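Starting from the given sequences, assemble the full structure and let the hints guide the process.
Residue numbers (our numbering), protein chains in the order written: chain A, 1 to 353; chain B, 1001 to 1153; chain C, 2001 to 2373.
You may find that some hints are simply not true.
Straight line, CA to CA, 16 Å or less: simulated EDC-like cross-link-like pairs of lysine to aspartate or glutamate [to be verified]:
(1) C:K2205 / A:D320
(2) C:K2057 / B:D1146
(3) C:K2353 / A:E171
(4) B:K1142 / C:D2062
(5) B:K1044 / C:D2217
(6) C:K2177 / C:D2062
(7) A:K154 / C:D2037
(8) C:K2204 / A:D320
(9) C:K2303 / B:E1145
(10) C:K2057 / B:E1022
(11) B:K1034 / B:E1018
(12) A:K154 / C:E2014
(13) C:K2180 / C:E2280
(14) B:K1142 / C:E2060
(15) C:K2303 / B:E1022
(16) C:K2215 / B:D1052
(17) B:K1127 / C:D2047
(18) C:K2057 / B:E1145
(19) A:K154 / C:E2013
(20) C:K2353 / C:E2143
(21) B:K1044 / C:D2062
(22) B:K1044 / B:D1100
(23) C:K2189 / C:E2143
(24) C:K2300 / B:E1023
(25) A:K328 / A:E171
(26) C:K2303 / B:D1143
(27) A:K154 / C:E2039
(28) B:K1127 / C:D2037
Each pair of labels, with its calculated beta carbon distance range [what the hints assert, rightly or not]:
(29) A:I208 / C:D2181: 45 to 53 Å
(30) B:T1002 / C:E2097: 20 to 28 Å
(31) B:V1094 / C:P2242: 35 to 43 Å
(32) A:I168 / B:T1076: 51 to 59 Å
In case anyone wonders, no lab produced these hints; they're calculated from the structure.
What you are looking at is a predicted structure, and each value in this text was computed from that prediction instead of being measured.
Just so it is clear, CB atoms sit at the ideal spot from N, CA and C, and this is done for glycine as well.
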Amino acid sequence: MILLSITENIHNWLFSVMPAEVASIVEMVLIAVVYLTVFAVAGLFLVLLERRVAAWFQLRIGPNRVGYQGLLQTMADAIKLLTKELVGTDRADKFLYNLAPYFVIITALMALAVIPFSQEFHAFDINIGIFFLIAISSIGVIGILLGGWSSNNKFAMIGAMRSGVQTISYELSVGLSLLTMVVITGTLQLSEIIEIQKSGWLIVQGHIPAVIAFMVFMISGTAETNRAPFDMVEAESELGAGFHTEYSGMKFAYFFLAEFINMFIIAAIAATVFFGGWLSPFGITESIPELGVFWFLIKTMVLVFLMMWFRWTFPRLRVDQLLTLEWKYLLPINLVNIVLMAVLVWLNLTIRL
Amino acid sequence: MTNQELQQIIGSWQPELEFTEEESQFLNIQVPAKHLHNLMARLKSDPETQFDYLFCLSGVDWGEKLGIVYHLESTTKRHIVVVKVTAEERETPVLDSVYDIWATAEFHEREVFDFFGIKFINHPNLKRLFLTEDWIGYPLRKDYEDETNMILY
Amino acid sequence: METEVVHTNFKSEEYFINMGPQHPATHGVLRLLLTIDGEIIKKVEPDLGYIHRSIEKMCERDSYQQIVHLTDRMDYLSANINNEAVCLAVENALQLEIPERVKVIRTIIGELTRISSHCLWWGVMGMDVGALTTYFYGFRDREMINDIMEETCGARLTMNYNVPGGLMLDIHPNFVKRVKDFIAHFKTKLPEYDRLLTGNVIFKKRTVGVGVLSKEDAISFGASGPVGRASGYSCDVRKHHPYSAYDKVTFNESLKTEGDTYARYLVRIQEMWESLSIIEQLIDIIPEGEHRVKTNAVIKLPKGEYFQKVETARGELGVYIISTGTKSPYRLKFRSPGFSNLSLLNHIAVGGKIGDLVATMATLDLVIPDIDR
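Right, here's the structure in full:
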């Protein structure tokens, strides 16, 4: 409520001092700046979380010197990267080379706009929310392709080509598994999807096909973010650093940060679509809407942890096995699953509390 | 098979071979360079000897001549024999390659070429292995001198 | 007139990349020249010599005690076994009678070295196929061995514990207890290795049927150690030419017949169990006695040729000494296992993907200083 009143006050004040058109533009810019700052910092803390989780899996302590329990470690890293010299290859396609990191980071941040963090904390409640997410997340790969291609490095090139193959394939599964859930909700708008879940999270409502869809989504979502065990794009033991071999300083940091923001987005979508977003379990805190952000973040972080768990446990697949998994297993399962879900909805077999 | 039996069998193939067991724990065969490949092929293929494992191929600078020492073992019969050969001349030493008999010889012969300058006939890819292409001289020869990276005695 | 472009080395679809000398999967400064068609490998050509120190030439000026020290710097992960090879060669040449105590301790130390080397290999193997966590598990257990070595030998990596005639020092009073502790610890940890990596579906997919080496090729290419044994080629020097105390212990030579990357992996895991059992058999029966036989300060080998094989963690290490009766060898050749094992890389990697090459190379367990002597 406090947050709401602050934004409302700013809104009222802006509209009182300037014409409506200018005021709404200023408002958009303000919101964009807030989102950028919040998620740049949040991305950095995800990096820290990943490092601490990895350390925990690997019998280490992880960063614990800079700030309390190493909380400022990634901040310090970011500042270091900011001040580093940007070294590139000779005869790289300079324009595309410089453009690539922005493609990746901007698409990652754009997708955040439609994600409902709580009932009020929702920047852009578009009525084609899911469609927008799917569309935006496929632009990111262009940045990776450009970066790998323009670097004038064969390892980067192989990484970029792998990325193209991988992302385009797994896009299908991500989209189809989300569409499976749309069959239940009948809407693409994320706020409405959450509204529907007040009578039971979708993973409960859709039971068997929903669980299948969730598993497919997590697998293909991990592949979509190019994280282990699907990190063919970077595959440090095969390709050095893959597509971002030739990037340094802040441009490298953009790729790095985008990976983590993408991971957060995948987890956030899964939390929203399958686990009721900011809704509390069994409505236990329904009377306190401020806790929405808390529940949302809890669910997202559990899923983020799951993805980190994958990464630090599994070996990496080979590129042909990766494609086999998608085209021979996930995609057919997905298509059957959609039909199954449609039948379920048609016969009214969904579970509603 | 004991060394005497081996000597009898191998000696019956070619008369030019010299056998010795002095100063060594194995049976040594000194073979003229022109008979090397024949002998080696027979050592491997003959059912009585079956030396299918070339476990060591060393170039040696004997002073006047350059030579190679082959250590052969049979993985079925578990006997060992040492074959020695020397190249005709020191300036442009040439020997037959045995890589078609034991595949491991390809790399070992490249190493010998690199360090001793012995050229191998029929070798598929005879070029420097460890040193750069433009290296002058053959470091493991006794008369090799390198003023910049001297090994002090 | 059209100008004709003649491609001598490449077909038009193929291209060439440099893997190394700075590449994470080559574990050092090995450079592989890869000819690739898309992801498929057409040719692998190793380019060596980035850390060649010409140890063989240096040996020609050094005394035998000094040579022992140089061998540490070859295959640094089986430093003790390398030392042992030269010491055994010299002792055999001098016909020294080595005390039983020395033989048993050498065997125990050698097997500890083997376990430590395989621990590191296991960690790196996992890392090469993308499971980064294994690295730390491998190093956790290796650390215990390093501590034992530090206490007894005074060093953790290049121990120089063996000298011609015996051991540099007697074992530390804590040695037996700590080795027993380690055995107890490692017996609980080895099954953990299996749970984390061996049974993993992705790991199996990555390794089963990859980089297959037939028995005939293994022998022809001079493969030794786990690489040869995974192809069904019985090549354990400890069995066929026993040295030190290996004739007193019973152990199985771990053999597999598949010859693929997974078989090489399993052979090494099995070898760790065997090494544990060898140490267990010996640790309680270390005889009392001298830890060293007196030798001359300047060792002069009688004129002649001497050859000694030992089984290092990587395979068969041969030491070939030609002596003319002076304080240094006339010629000393090391037959290193890594060199022969590397030579078959092109043979088994062609036709696979880049990822297969990395997995295959990991199970060849190359240590570059061993190849670049």
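(message) Can you confirm whether the C-alpha distance between K2303 (chain C) and D1143 (chain B) stays at or below 16 Å?
(response) Measuring from Cα to Cα gives roughly 22 Å; hence the hint is violated.
(message) Against the 16 Å threshold, does the CA-CA distance of K1034 (chain B) and E1018 (chain B) hold or violate the hint?
(response) Holds. K1034 (chain B) to E1018 (chain B) sits at ~14 Å (cutoff 16 Å).
(request) Mind checking the alpha carbons of K2180 (chain C) and E2280 (chain C) for me, to see if they're no more than 16 Å apart? (result) The given pair, whose Cα atoms are some 8 Å apart, holds under the 16 Å limit.
(message) Holds or violated: K2205 (chain C) and D320 (chain A), Cα atoms, limit 16 Å.
(response) Given pair K2205 (chain C), D320 (chain A) holds - Cα atoms ~11 Å apart, limit 16 Å.
(message) Checking one constraint from the list: CA of K2204 (chain C) to CA of D320 (chain A), max 16 Å. Satisfied?
(response) holds, 15 Å
(message) Tell me if the straight-line CA distance from K2215 (chain C) to D1052 (chain B) falls inside 16 Å.
(response) Given that 16 Å is the threshold and the Cα spacing comes to 12 Å, the pair holds.
(request) Sort out whether D2062 (chain C) lies within 16 Å of K2177 (chain C), counting only the CA atoms. (result) violated, 38 Å
(message) Between the beta carbons of I208 (chain A) and D2181 (chain C), is the distance compatible with 45 to 53 Å?
(response) holds, 51 Å
(request) With a cut-off of 16 Å on the C-alpha distance, tell me whether K1044 (chain B) and D2217 (chain C) pass. (result) holds, 14 Å
(request) Please work out if K154 (chain A) and E2014 (chain C) have their alpha carbons no farther apart than 16 Å. (result) holds, 12 Å
(message) Tell me if the straight-line CA distance from K2189 (chain C) to E2143 (chain C) falls inside 16 Å.
(response) holds, 13 Å
(message) Would the hint linking K1142 (chain B) and E2060 (chain C) be met if the CA-CA limit is 16 Å?
(response) holds, 10 Å
In this structure, the hints that do not hold are numbers 3, 6, 9, 10, 20, 21, 26, 28, in rising order.
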